[in-house]
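Let the hints inform the model, and build the full structure from the sequences given.
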Amino acid sequence: MTAAAESMSGIQAPADRKAKAAERLRKRHAREARLKLSAFAAISISLTLLAVLVGAIVYKGLPGFKQTYVRLDVIFYPHAFFTPEETRASAKLSESHIVNAKYMKLARLALYSALNSTPKVQPKIPESCAEPDTALEKDKAVCARVNALLSRNADTDLLREIRNAPGLAGHTKSVWLLASGEVDAYEKGDIDLRVPETRRKLKDQQVNWIKALETAPDQRIKMRFNTGLFTFSDSSQPESAGLAVAITGSFFMMLTVLLLAVPLGIAAAIYLQEFAPENAFTGFIEVNINNLAAVPSIVFGLLGLAIFVTFADLPRSAPLTGGLVLSLMTLPTIMIATRTALISVPGSIREAALGVGASKMQSVFHHVVPLAMPGILTGTVIGVARALGETAPLLMIGMVAFVYRMPAGPLDSSTALPVAAFMWSKEPGPEFMERAAAATMVLLGLMFALSVIAALLRHRFERKW
Amino acid sequence: VKISILLIILLIALAVAFSAGVRRSTALAGGNRRLLHSSPGHHGTLLAIWTVLPALLFALLWPLIASAGMNAYIQHGWQDKTAGLQQGEAVLNMETVHTVAEGLRRLNGYDSKIVCDEEVYDSAGEMLQANGEIIAPRLERPVVRAACSLAKLQTASVVIHYGVTGGLILAGFVAGFLRIRPRLRARNGVENTILAGLAIASSAAILTTLGIVLTVLFETIAFFSREETSLADFLFSTEWRPGEYKFGMLPLLWGTLFISGIAMIVAVPLGLLSAIYMAEYAHKRVRTVVKPALEILAGIPTIVYGFFALVIVGPFLSRIFSQGISSGSALSAGLVMGIMIIPFISSLADDVINAVPQGLRHGSYGLGATRSETILNVVLPAALPGLTGAVLLAASRAIGETMIVVLAAGSAPDLTANPLKAVTTFTVKIVSQLTGDSEFDSPQTLVAFALALTLFLMTLGLNIYALNIMRNYREHYE
Chain U
1 MTAAAESMSG IQAPADRKAK AAERLRKRHA REARLKLSAF AAISISLTLL
51 AVLVGAIVYK GLPGFKQTYV RLDVIFYPHA FFTPEETRAS AKLSESHIVN
101 AKYMKLARLA LYSALNSTPK VQPKIPESCA EPDTALEKDK AVCARVNALL
151 SRNADTDLLR EIRNAPGLAG HTKSVWLLAS GEVDAYEKGD IDLRVPETRR
201 KLKDQQVNWI KALETAPDQR IKMRFNTGLF TFSDSSQPES AGLAVAITGS
251 FFMMLTVLLL AVPLGIAAAI YLQEFAPENA FTGFIEVNIN NLAAVPSIVF
301 GLLGLAIFVT FADLPRSAPL TGGLVLSLMT LPTIMIATRT ALISVPGSIR
351 EAALGVGASK MQSVFHHVVP LAMPGILTGT VIGVARALGE TAPLLMIGMV
401 AFVYRMPAGP LDSSTALPVA AFMWSKEPGP EFMERAAAAT MVLLGLMFAL
451 SVIAALLRHR FERKW
Chain E
1 VKISILLIIL LIALAVAFSA GVRRSTALAG GNRRLLHSSP GHHGTLLAIW
51 TVLPALLFAL LWPLIASAGM NAYIQHGWQD KTAGLQQGEA VLNMETVHTV
101 AEGLRRLNGY DSKIVCDEEV YDSAGEMLQA NGEIIAPRLE RPVVRAACSL
151 AKLQTASVVI HYGVTGGLIL AGFVAGFLRI RPRLRARNGV ENTILAGLAI
201 ASSAAILTTL GIVLTVLFET IAFFSREETS LADFLFSTEW RPGEYKFGML
251 PLLWGTLFIS GIAMIVAVPL GLLSAIYMAE YAHKRVRTVV KPALEILAGI
301 PTIVYGFFAL VIVGPFLSRI FSQGISSGSA LSAGLVMGIM IIPFISSLAD
351 DVINAVPQGL RHGSYGLGAT RSETILNVVL PAALPGLTGA VLLAASRAIG
401 ETMIVVLAAG SAPDLTANPL KAVTTFTVKI VSQLTGDSEF DSPQTLVAFA
451 LALTLFLMTL GLNIYALNIM RNYREHYE
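Chains as they are written, first to last, in this note's numbering: chain U, 1 to 465; chain E, 1 to 478.
Mixed in with the good hints, there may be bad ones.
Simulated crosslink set (DSBU-like; lysine-lysine; CA at most 35 Å straight-line) [unchecked claim]: (1) E:246 <-> U:426; (2) U:92 <-> U:201; (3) U:140 <-> U:66; (4) U:36 <-> E:291; (5) U:27 <-> E:421; (6) U:188 <-> U:102; (7) U:211 <-> U:18; (8) U:138 <-> U:201; (9) U:120 <-> U:173; (10) U:188 <-> E:421; (11) U:201 <-> U:120; (12) E:246 <-> U:36; (13) U:102 <-> U:426; (14) E:421 <-> U:426; (15) U:188 <-> U:203; (16) U:36 <-> U:18; (17) U:222 <-> U:188; (18) U:105 <-> U:188; (19) U:173 <-> U:222; (20) U:201 <-> E:421; (21) U:27 <-> E:284; (22) U:124 <-> U:138; (23) U:105 <-> U:426; (24) U:201 <-> U:102.
Hints were generated in silico from the structure; no laboratory data involved.
See below:
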């Protein structure tokens, strides 16, 4: 058969053969180019998609790092702190005065005087609006609108001012106060003024007021860096919702993982790799670890719910409980990384140590483990980074509660960074959406920093045998 | 506070024992170190182990044992005391008893004596309130009585905790100190202790697996032993309405497979081709940049992908298809899950392709094959088992993925083949059943464990199969 084919081709003229060969070669090279091109296209598409992902998050999240503030000349009227009797007796400012003062009223009065001083604001806003409950019936609609310009948490800013300088009582100070979420959304261009007024959160009158503040001779409304994102607790008002509790909670959880999963995982891997006899049982452990690393994270959450919360009665939504769950989840990752690092240390190191009289333990802990340390550390950092971003198991153990109080220890209620992003992304409206994106960016930034640390560790200390 | 005091005591004991061991062994050697079997450092460490380890174990375990014992004692004694005090309607609430007992222990000795020893139970609430406790002023008498005995037990338990820990420290120190001889094999003792610790640590993985299987299995059995539920309905019914006790898992299974299928359609070609480019075509300099970048991307938390699907992809798709699919759709969840899996597949596949021996490629080039012919006809067939394993591992990951589908897939348990409609998955329903308001013991909550067991078994099957293929593959070329 082959011989017949050869004799067939032998009959053809040499020029014809050459042309056919050239044609075949061209086709083969075209096929080559096609594969190379499609492979290149695939990796370009993949990287582009991932870049789009990160870019979209950043695009959505950047506004969340800015926040609209209003500068108001707040007069700290003494009667906001003291009862008439105390004023007459010229009492001193005590802690209960500071806590119970009517800051909201002070902030509102300052807002009205700022608005009323501009010619654009007609009719003037009555001062009785500062306490809307006692305002005149005909003014109530206007009062509600003007009061909605300031954040409901603007009073905490004033409380802090007085705390820092108790002498302010009776004096005037120019203070940057949080604007409400609607004003913030308007400043960021999230409110479409072409929508009919009835279907808008911000009415025309309010827009006029904002414009009056914007065009005031000394610009009274401005976007500044949103420090509140990192210093505030969670809140039902978008402008005063922050990540402080979530970051603290995540910190405690990472601490738990570092103290529990890292030593345990490294110890287990050292035993399995260096000391364990090779038998069916250690083989079973090995299969077990590899499978455990691929178990869906949500299953770990159910384990945590059943064992730590229901059985061991640990508090729900506490960082310790979450940290324990994340530790169990990270354990296999750290074990596998450590074993890989130990395997890559050549046997000659062990043999040389044993040869000069070291015990097995000494050869491992004095020679093998230090040489494997860069790999172990890299694996550990990657494992911790993964634990930091994990959300699903934390939902299972109830870390979805609304927590206002800062957790003082790992047993207090708390949330976590990714969970905060999850909760905010389920809230309606663009204000919370941009904050969810900003929280995601904070998370991504931390993860990226950890990845860079891991990469640097590997690059700096990696050694080829 | 209690624990930290014990911790400080233990740390001091550790330091003292170590230096005592070093000194004693050096003194016994009398200047001639060669008389010692082990170095003074080993003697010191061994003495420290003898001193601290038993005490530490006791200090950690005693509170657990004691509180379990005390609770059992209080619960056991409750029945008789209610009868004796003629307050049969009082319900035992351990939480209240614990709060009251804590308050009693903070009371000054005279007051607590009045309440407990002279049995002035009725005024207990007021006295505690006066002492600044947040407690109801009217406490039922059996509760106060139980709290009194609990408070006494707790005081005793603290005394035992400190006393026995201290005793163990002393006893361990003395026993260890007396054992020190020049011929003592201190190093072996230290090493065996460390080895035992390492071996115990390595059982953690087994315990975790065991914990998963047992808890999930246990709760699943609890679910199926309810009369409202049956295994046949769970497996074969197409109705998922937990409110009406209809727990058919088929719609969830369909949704899970549908979304994972879309994800695999996106991820497998892109991931494999990317891996081929990285392993066979990419310049070394490109490789050193792109490979770590892909690994970083593989580590992006899934909540980020979920957010992306919810905020960008969902609205984008609904604008393209001009259908009301904003509440989530199989397509948006599947597409984004596909993007998530690309780096995972390409990273695994890259390793697999690299493991194919260079000799095979050289042989093929030597026969005159082009690079693409070598890849398609030699490298890929050789790598096929490993690539299959990588794809299966990715599939298992897609099936168990939670945050993307929770945010972007919707929650309608429909058996629809329309990718623009919302479907739901195992993981979505596990989350929604467990974060709902139902009681923990209700079938609506327990069904989450049945779903989790199904999910666990599905992914476990895939994982074992895939890991097995990949291990055989690697051994084949080693």
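Going down the list of hints, with the structure as the test:
Between residue 246 of chain E and residue 426 of chain U the alpha-carbon distance is near 28 Å, which keeps this suggested pair within the 35 Å criterion. Proposed proximity of residue 92 of chain U and residue 201 of chain U is contradicted: the alpha carbons are some 43 Å apart, above 35 Å. At roughly 32 Å between alpha-carbon atoms, residue 140 of chain U and residue 66 of chain U fall within 35 Å of each other, so this suggested pair holds. A C-alpha spacing of about 18 Å is found between residue 36 of chain U and residue 291 of chain E, which places the hinted pair at or below 35 Å, so the restraint holds.
Pair hint residue 27 of chain U plus residue 421 of chain E does not hold up; C-alpha atoms about 45 Å apart against a cutoff of 35 Å. Straight-line distance between C-alpha atoms of residue 188 of chain U and residue 102 of chain U comes to about 30 Å, which keeps the hinted pair within the 35 Å bound. For the given pair, residue 211 of chain U sits about 81 Å from residue 18 of chain U by alpha-carbon distance, which is inconsistent with the 35 Å threshold. With a C-alpha separation of about 21 Å, the suggested pair residue 138 of chain U and residue 201 of chain U falls inside the 35 Å cut-off, and the hint holds.
The hinted pair formed by residue 120 of chain U and residue 173 of chain U meets the criterion: a straight-line CA distance of about 24 Å does not exceed 35 Å. Using a Cα cut-off of 35 Å, the hinted pair residue 188 of chain U and residue 421 of chain E holds, with the two alpha carbons roughly 33 Å apart. A distance of roughly 22 Å separates the Cα atoms of residue 201 of chain U and residue 120 of chain U; the hinted pair therefore holds under the 35 Å criterion. Straight-line distance between C-alpha atoms of residue 246 of chain E and residue 36 of chain U comes to about 53 Å, which puts the hinted pair past the 35 Å bound.
Our distance criterion of 35 Å between C-alpha atoms is met by residue 102 of chain U and residue 426 of chain U, whose separation comes to about 34 Å. Among the hinted pairs, residue 421 of chain E with residue 426 of chain U is consistent with the structure: their alpha-carbon atoms are about 20 Å apart, no more than 35 Å. Between residue 188 of chain U and residue 203 of chain U, the direct Cα distance comes to roughly 16 Å. Compliance with the 35 Å bound is thereby established for this hinted pair. For a cut-off of 35 Å, the pair hint linking residue 36 of chain U to residue 18 of chain U stands: about 26 Å separates their Cα positions.
For the given pair, residue 222 of chain U sits about 11 Å from residue 188 of chain U by alpha-carbon distance, which is consistent with the 35 Å threshold. Annotation: proposed proximity of residue 105 of chain U to residue 188 of chain U holds, straight-line Cα distance about 27 Å (limit 35 Å). Between residue 173 of chain U and residue 222 of chain U, the direct Cα distance comes to roughly 18 Å. Compliance with the 35 Å bound is thereby established for this hinted pair. As the CA atoms of residue 201 of chain U and residue 421 of chain E are separated by approximately 31 Å, the hinted pair is consistent with the 35 Å bound.
Proposed proximity of residue 27 of chain U and residue 284 of chain E is supported: the alpha carbons are some 28 Å apart, at most 35 Å. Restraint check for residue 124 of chain U and residue 138 of chain U: satisfied, since their Cα atoms lie roughly 14 Å apart, inside the 35 Å limit. With a C-alpha separation of about 33 Å, the suggested pairing of residue 105 of chain U with residue 426 of chain U holds against the 35 Å cut-off. With a C-alpha separation of about 27 Å, the suggested pairing of residue 201 of chain U with residue 102 of chain U holds against the 35 Å cut-off.
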